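Enquirer: We have chain H; now place chain G onto it with these hints.
The primary structure of each chain is shown beneath.
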Amino acid sequence: MVETLSIAVIGAAGAGKTSIIRRFVYDDFSDCYSPTRARRVYRPSVVLNGHMYELKILDVPPIAAFPSSPAQEWLDPSCRGVRNASAYILVYDICCVESFEYVKMIRQQIVDNREGSSSSSDVPILVVGSKRDLQRQRFAQRRTVSVLVKKTWKCGYVECSAKFNWHVLLLFKELLGIAVARGLRHNHASIRLQGALHRNRCSVM
Amino acid sequence: MNTHPYSHAPKSSGKPSQKSGAYYNSKGGNKSGVGSLASTYGSDGQRGAASVKVLKRRTRVEPEQQPQDPDTRAVFGVSLQRLRDTGRLQHGVPLVLKNMVEFLEKYGLQQSGVFRVCGSAPRCRTLRVCLDRGECVDLEREDVPTGATLLKLYLRELPSGLIPHTHSARMQQALMDSKDGTELDEALKETLHRLPDENYNILSYLLHFLSRVAAHSQWNHMTSENLATVFGPCIFR
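These protein sequences, in sequence, are chains H and G. For the record, in the first sequence the residue sitting at position 100 is 100 according to my numbering, with numbers rising by one throughout. All you need for my numbering is the position in the second sequence, starting with 1, plus 205.
Chain G on its own, in the form it takes in the complex:
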């Protein structure tokens, strides 16, 4: 039995380069080929990350362009305190986060490897720009991996992270100092309660959603450990 947490994806035996070559032969003239390939790839839940195809065109990773003037409508990279002050939290949760969670809850729970499978980077960038301009984005038209990547991007872009450095350092300290499990739990609990109200609230919202994802792990293969691997770098700073 293979015990690696990510090993559940069926290994592809074909040659990926050959496959993608065939793809370009058939659809070479299509300008929006990248996006459409990503969506066909995403809707196929049975194929895992092992069958990655290398896209040649338009996939260069560029540094994200920083907006010159801080737009009042921006969503990504805006501190939660600022969102609160401008009244863009609904029950303490940013509207954009709520939309993404509800979209993923609706379509993503059954998707194998949700949050692990990468969405299309160009689509994510476009969506991000649209959201930052304050435009209404219809997530229903996107595929699940793109939505999941966008959610992770949002968490990563939070200015001081969902759990800021001071808190995560304290948690690490607790991890080393504690003698047993109960003591550790108490220490971690106390640190989390010291988080700003907005952060705590959102963390609780997010974990509530992720527990729902984990409860469907028999279909999506994302158990709490796998989710922790994926979300750790997004939440801790």
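Here chain H stands alone, though its shape is the one from the complex:
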């Protein structure tokens, strides 16, 4: 049975979202920076604990705010599908305080937004500090940030380096583990079967 898990990767400009995804999906890395202009979807299939999952990773270009209404989400093509995601990866640059502030804002908006609907309020969020290879220029101790994120925000925290492929796999494994444990167990058997027979994806629009 193949289940689709959609993961939205959000972060400030230049935080390393695309690099992390490309390292995970294609195992490549480029030193020259090219900003992502339009939303891009990657669809790798992964195996975790003997189960196969189809991932739908949304590479979201920097958005001003997390969309709070369906109209808002629909009007900005780069946000589409962001509110449906079953897990979030919030990426910040460990050398850049502003990118951490951005992550803080987006996390708050996700929580506010999801609060109304009881069942989806505990959506897994993983905060990722990227560019671990630039360790010396970091703005705060790893421990300080980690404690803040884990204790106060109740989110997962991982630091990684896409350049040296350090902890990239771990971060996806971690997120998937939480998402699978929280999200998929409620599914009704007949729906799971439907999902196995037809992949839930649109190839036209």
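Treat each hint with caution, since some may be false.
Far from chain G, some chain H residues (derived; all Cβ distances over 12 Å) [stated by the list, open to error]: (1) 4; (2) 27; (3) 74; (4) 139; (5) 166; (6) 169.
In silico DSSO-like pairs for lysine-lysine, Cα to Cα no more than 30 Å straight-line [to be verified]: (7) H:56 x G:384; (8) H:56 x G:303; (9) H:56 x G:311; (10) H:104 x G:384.
Rather than coming from a laboratory, the hints here were simulated on the basis of the structure. On a predicted model such as this, the values are computed, not experimentally measured, just so you know. For glycine and all other residues, C-beta sits at the position ideal for the given N, C-alpha and C.
Expert: Same frame as chain H, but now just chain G:
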């Protein structure tokens, strides 16, 4: 395992006729009984379509009355081009559609069988008449099935359908002619891009919303296939 797409509703083992009889005994004198029964029924998400009750009174299906003179304020059955010309599209989406989608987005995502469960027909008719008169309707007072039925009614009433006959015929042709999936996708994409701008825009808005409904299918049991079954006849003409 039962594989029928709609089989997730728990089967009712009681006798429906007996139940509805008891209902009429207790509330026989209530004139607005139909509406209130529908709302109690709708708010109970666990009960599915298998526990349908037959209502005896005021449930005759009558042909919809066609308005004699085309009212300028009418919403149902008005072509999108006309709505556009009278400036009643907001970001290319009819205001009434936007309201219904936002209402359902707020309350309907967790409702089991949303769009499949029928709303109250009399309530729908009243709402439709109100909307056509240009009155402001507070959807918050309605239950989810009624809102969902109203949304489907709106799509069905669009004069040439959201995807008109010419386009759907072309899509069917593509379905038969194409050799593989990618070719089919290309053909379908091309046909959809030929839709009038208003239709394309609304179709995209609607599908975006429905994808959100499908993303909650573990609670509402409406996967994309189930939604397709329900919405197919409303969208294609």
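Enquirer: So, for every hint listed, does it hold in this structure?
Expert: A quick look at each hint next to the structure:
1. Its closest Cβ contact with chain G, about 10 Å, brings residue 4 of chain H to no more than 12 Å, contrary to its assignment away from the interface.
2. Every CB of chain G lies more than 12 Å from the CB of residue 27 of chain H, the least distance being 26 Å, so the non-interface label holds.
3. Consistency note on residue 74 of chain H: stated as away from chain G, yet its beta-carbon is not over 12 Å from all of that chain's, at 5 Å minimum.
4. Distance check for residue 139 of chain H against chain G: the nearest CB is about 36 Å away, which clears 12 Å, and the non-interface claim stands.
5. Once the 12 Å rule is applied to beta carbons, residue 166 of chain H is consistent with being away from chain G; the minimum gap is 33 Å.
6. In this structure residue 169 of chain H is separated from chain G by more than 12 Å, as the shortest Cβ-Cβ distance comes to about 26 Å.
7. With a C-alpha separation of about 27 Å, the suggested pair residue 56 of chain H and residue 384 of chain G falls inside the 30 Å cut-off, and the hint holds.
8. With a C-alpha separation of about 27 Å, the suggested pair residue 56 of chain H and residue 303 of chain G falls inside the 30 Å cut-off, and the hint holds.
9. Between the alpha carbons of residue 56 of chain H and residue 311 of chain G the distance comes to roughly 25 Å, so the proposed pair stays at or under 30 Å and holds.
10. Distance hint between residue 104 of chain H and residue 384 of chain G is unfulfilled; the C-alpha atoms sit about 50 Å from each other, more than 30 Å.
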